[in-house]
Each structure stands twice: as structure tokens, then as C-alpha cells.
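Trainee: Listed below are the residues making up each chain.
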Amino acid sequence: MTPDGLPPLPARVPHRLRTTADLRALQRVMAHALYQPLTPDDDLAPRFRDGREMAEVAASFIKPNDRLSSFERLQIYARGYWYRVMDCVYEDAPGLRALLGEARFRALVRAYLAACPSLSYTLRNLCARLPWFIREQPRWTTPDTALAEAVARFEWAQTVAFDGEARPVLTVAEISRQPAARLRLGLQPYLTLLSFDWPVDDYVIAVKRRQALRAEASHVVNHGPRERSSRRVPRPRRRRVHLVVHRYKYTLYYKRVTAGAFRVLQRLEAGWTLGEAITAAGRGVRAAQVSAWFATWTELGWFCRRK
Amino acid sequence: MPANPFNAFTDYGIGIGLRVPHYAHILARKPVVDWFEIISENFMVDGGRPLHVLDQILEQYRVVQHGVSLYFGSADRLDRTHLRKLKQLVRRTRTPWLSDHLCWGSVDGSFTHDLLPMPYTSVAARRAAEKIRAVRDFLEVPICVENVSSYVEYQASEMTEWEFLSEVVERADCGILLDVNNIYVSSQNHGFDPYAYLAGLPHHRVGQMHIAGHTRFEKYLLDTHDQPVPDPVWQLYARATRLCGVTATLLEWDDRIPSFDEVHGEALKANEFLGGVRSAARAVGS
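If you read the protein sequences in the order shown, they are chains A and B. The opening residue of the first sequence carries number 1 in the numbering used here; numbering runs sequentially from there. The opening residue of the second sequence carries number 1 in the numbering used here; numbering runs sequentially from there.
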């Protein structure tokens, strides 16, 4: 299978590189070799994507030396690649890892990275397509696909909140100057609205606390019950939650909001006028309540001009 | 030649890499450091804490940008969006020069996030030099390219690594960030004389040096940046400073990072080698 979005492999690496196209052919073959998942023993795959022996492919463009074969030299880079990208996903998706357990998480990540190699110069964006991949290829997460996708979306929202763009904040005075019937507010680009059937925020917080406890325990010999610190965090029970993942003064926060407040924010994000969005709050919600929401959200700096 | 066109005629002394575990110490204690090297990509973000920290560092310290993703050696075209982001950061940091690696790491828009060695051929040298010139013209800042450590040699290579590096920098009219540890690691992995490598370079183009530690495995050395600089690398550094003059030097320590003081203390050992060269230069001058 060719990784997502990459052109097909060249037939071979030219013996002499006479043109930039020849250089590209070498780089394509080597990159495709690196993107192939390692074996369970963390060795380079024995066969290349096109069915040839990997040793033959490696020898076609890499010299052996007196200690290492061409295959072994290529393997150094393949291991470096997989350790690096796997480490990155492990770091960015601790909640998903805890939910699936080590074996299923590892299989998912390998399948994801094999199908979707990085398309960005920065590893920061490596997990951007993970929620999509989970939804598109449910076999890696069945029967927990919906929950796994929710956790992956929540964890990606944290990356966005950490270093996403912040635009100039609209003040209460600026908002008050325009009639609600015409005013369209923007939400900060670093902010993500999420609605889930599980309290994913509580779950991920619990996982991180458990990990912190484990890290603490690892520095102190025989301190604290090891068994307890390695116990898995219980899966969340179904309960609808509406979340805003955001940052305030450079610190990450997850704020729960009511269903009515969430609808208002969703409509603002979709480009509805302030007046139209407020009607989405629902009949049972008093004007004073809506005013209180807006006071808090403005204080948190969530509103900006629409692009 | 402490100052040359490739480091914007600066004389920056001995720096260390700015790393997350040291942020709190640096911001609270404000230790005296000649300069910090930042990894450009860590700050090519749109907002949040990384830029907030960087701005505080810039208030107190001189900063030089070092990148890991320009991939001068990739056959792919340069990415204009990437360059625009990099230029925004260059304006923010006012880096006197900017460095990245003479390597490839992306193809067809996919990224390996590694510093993969080049095949040492004329076509690869021309391609890399074209891209270096384009980046320098766009960013309007001198460029130094760094030699990478490597674990493979290509069948297609037509020259030695130092001949290739020399051809690229002469064609691009750019500087060299000479990584002494990388020369040593590659020399052990490929069986060449690291002193011949040093002797074969255009010394007047060296604008900066890197020193670091590595890990020895049974059949090869791995460039790990996770321990002090070993003696053979210090010896090579001593020769490099004699050949190139006192040059801005940076210690890389990126994994299993110890305290700030330990990293800084390791970097300052470079002074033992620079002192002799400084004295010799003064004697010649008088």
C-alpha cells in the first residue's frame, strides 16, 4: 500500500545521479523504506513495498562496510525514524494509550503512521489526522472506536490550545458598540469546541495524574504501592459533556459549558450574528444567564474579529 | 578570524542550546551566557507559551537560530509558507546568522524528521547550493550549513564528504557550521581520517562550530547529544580552532539533559582550547 498522498515508487535508484529527478528517485526509495513499519523485533522490514527483498533494495543504493551490510546501515535510519515518530505520538496521546492499552495503541499508531506519514515540517502536527484515521479505519479500535476518536480529538485540541494563534481580543466595550443583530464574533483560533458522549476531560486528567504518580514513584525505591500506581484508570461512563479547550495566560484549560451555552458558541463560530446565536441558548435560559456567560467568555479573551 | 561575513562579523563566544528543562532556571536566575541557540521549528508557531518564553529570553540574551527542516538537499522545491514563517521568526529574534543542515529529509511533501545524508554528487551539490542561495535571499540573513553525522554511504557518491561540503558552500557562497562531533562520528562509521576532513575545508567560511557527545555501539557510533564531549572530539575541536580561528561555539545537549550549570560548565571547557588560539593571534598581531 502506498502511504497516503505519496506518488508511486520509482522502478529503481539510478546508479549515477545525473539530474534532480535521479536525486528524487533515490530519496523516494529511501523514504518509502523508512516509512515501512518495523518488524515486531524492531528490525527493518524484510521486503520492500514492491515485493523485492529489502536487502537487495538497500544494496542498490547504499554501500556496505567492513562491519555493517547495506541493509543494517539503512536499518539504523529506519529505527531512528520509527522511534522518533512513535515517541511523539506517545507523548501527545497519553489518554488514547491508556484507553486502548499498550498492544492496541501500538498497533493503531503503527498503522496510522504507515498510512499517514508526516506532511508537516514540525512533529507538532503529527497527530492532526489521528481522529480521522480512527474513524476511517475502525478495525484498530473496535469496539471502542467512538470513544477513541473522542479522546484523540480532545488531545489534538490541547496541542492547538498550547501554541495556536491568538488574535487581538475584543473587549466588552467593542462588542457593545454594535447591535447584536449585525455583530458576528470570531472565536480565538486556539480554542476548540467539543461535544462528547463521555466525560473525556475527566478521563484524560485522571490518566495524567496516574502517570505523574507513577513518575514520582519511579524516583523513590519502595515508596508507595506499585500495584496501585500501575492500575488502569477506569473507562469513562456515558454522560454528555460540552467542552471548550482553551488557554488563559499561557496555561491550558478545559472548560465545561452547558448545552445551551455550547449551542451559542457553535453558532458564533459558524458565523451567525450575536442576536441569532443567543436565540440558540434555548427558551428556558434567562437573559441574565446569557449575560453572565458572555461576561466570563469576554474575560477569558475568547472573542476576536472574524477573519 | 572570529568574525566573518557568514556570522555577520560577530564574535559571540561560547553558547548553549535553549532547552525546555532549563527555562525556569534561566528566567529566574538570569545566568551569564554568551548566547543561546534556539531550534527555529520550536518557535515557528502562531502563539502561546513558546513565543512568550522566547520574548523573555530575547530581552536578556543574544539568540541565534538553528533549524532542522529546511532540507537544502531534498529534491523538492522550497516551501514558501515555511519560509515566510521562518522569516517572521528571524525578524523577531534578529538572529545575526541562521544555520541549518546540509542534508535531506523530505520528499514529495512527506517528512522523515531526520537529517539524512546526501549522495556526494555534483547534481546534489548544485541543487543544494541553489536552495541555500534562495533561502538567504529570501530571509536576508547569512546562512551557515552544518555537516551531519551519517551511518550510510551511497553507491552514487562521486567525492568525499568534505569535497562535497566545500563544493556546496563555494557554489552557494555561504558559511559552514562545523560540527566537530559529527565529523568524528562519521569518520568512525565510514573509516576516514577526521583531520583530513578538517584540512580539506575552506576555513575562512566557518562561521560557527558545534561540539557534542555521542554513544559508541558495537559496530558504529550514534550521534546522541546525551553526554559530555569526549576527548577525541575535544582534540578535533582544538585542531579546528587552530585552522579556523576563534569561532562562535555551541555545545549541543539534547537528551538526558542535566542541570543548566552542568551543561554550561561543559560548554565553557571550550575556553581551554580557545585561549591558546587567542594568545597566538595576539602574538601575531603585536
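Hints are supplied without guarantee of correctness; some may be wrong.
[Stated by the list, open to error] Below 27 Å or equal to it, Euclidean Cα-Cα: the simulated DSSO-like pairs (lysine-lysine) are:
hint: 1; chain 1: B; residue 1: K85; chain 2: A; residue 2: K249
hint: 2; chain 1: A; residue 1: K63; chain 2: B; residue 2: K30
hint: 3; chain 1: A; residue 1: K307; chain 2: A; residue 2: K255
hint: 4; chain 1: B; residue 1: K85; chain 2: B; residue 2: K131
hint: 5; chain 1: A; residue 1: K249; chain 2: B; residue 2: K30
hint: 6; chain 1: A; residue 1: K307; chain 2: B; residue 2: K131
hint: 7; chain 1: B; residue 1: K131; chain 2: B; residue 2: K87
hint: 8; chain 1: A; residue 1: K249; chain 2: A; residue 2: K307
hint: 9; chain 1: B; residue 1: K30; chain 2: B; residue 2: K269
hint: 10; chain 1: A; residue 1: K208; chain 2: A; residue 2: K255
hint: 11; chain 1: B; residue 1: K30; chain 2: A; residue 2: K307
[To be verified] Chain A stretches covered by chain B per the calculated footprint, using a threshold of three residues with CB under 8 Å from any CB of chain B:
hint: 12; segment: 79-87
hint: 13; segment: 257-267
Simulated from the structure, these hints should not be mistaken for lab results. Given the structure is predicted, the values throughout are model-derived calculations rather than measurements. Note that beta-carbon positions come from the ideal geometry of N, C-alpha and C, so glycine has one too.
Trainee: Determine for every hint whether it applies to the structure shown.
Mentor: Verification of the hints:
As the CA atoms of K85(B) and K249(A) are separated by approximately 24 Å, the hinted pair is consistent with the 27 Å bound. Proposed proximity of K63(A) and K30(B) is contradicted: the alpha carbons are some 49 Å apart, above 27 Å. At roughly 24 Å between alpha-carbon atoms, K307(A) and K255(A) fall within 27 Å of each other, so this suggested pair holds. Between K85(B) and K131(B) the alpha-carbon distance is near 17 Å, which keeps this suggested pair within the 27 Å criterion.
Taking the CA atoms of K249(A) and K30(B), the gap is about 22 Å. The hint holds against a cut of 27 Å. For the hint linking K307(A) to K131(B), the alpha-carbon distance of about 34 Å lies beyond 27 Å, and the restraint is violated. With a CA separation close to 15 Å, the supplied pair K131(B) and K87(B) stays within the 27 Å bound. Only pairs whose Cα atoms come within 27 Å are accepted, and K249(A) paired with K307(A) is accepted, the gap being roughly 23 Å.
Only pairs whose Cα atoms come within 27 Å are accepted, and K30(B) paired with K269(B) is accepted, the gap being roughly 21 Å. With a C-alpha separation of about 17 Å, the suggested pairing of K208(A) with K255(A) holds against the 27 Å cut-off. This hinted pair does not check out: K30(B) and K307(A) have alpha carbons roughly 40 Å apart, beyond 27 Å. Beta-carbon proximity to chain B at under 8 Å applies to 4 residues in the segment 79-87 of chain A; the threshold of 3 is reached and the given coverage holds.
Check on the segment 257-267 of chain A: 0 of its residues sit with their Cβ under 8 Å from a Cβ of chain B, so the three-residue criterion for coverage is violated.
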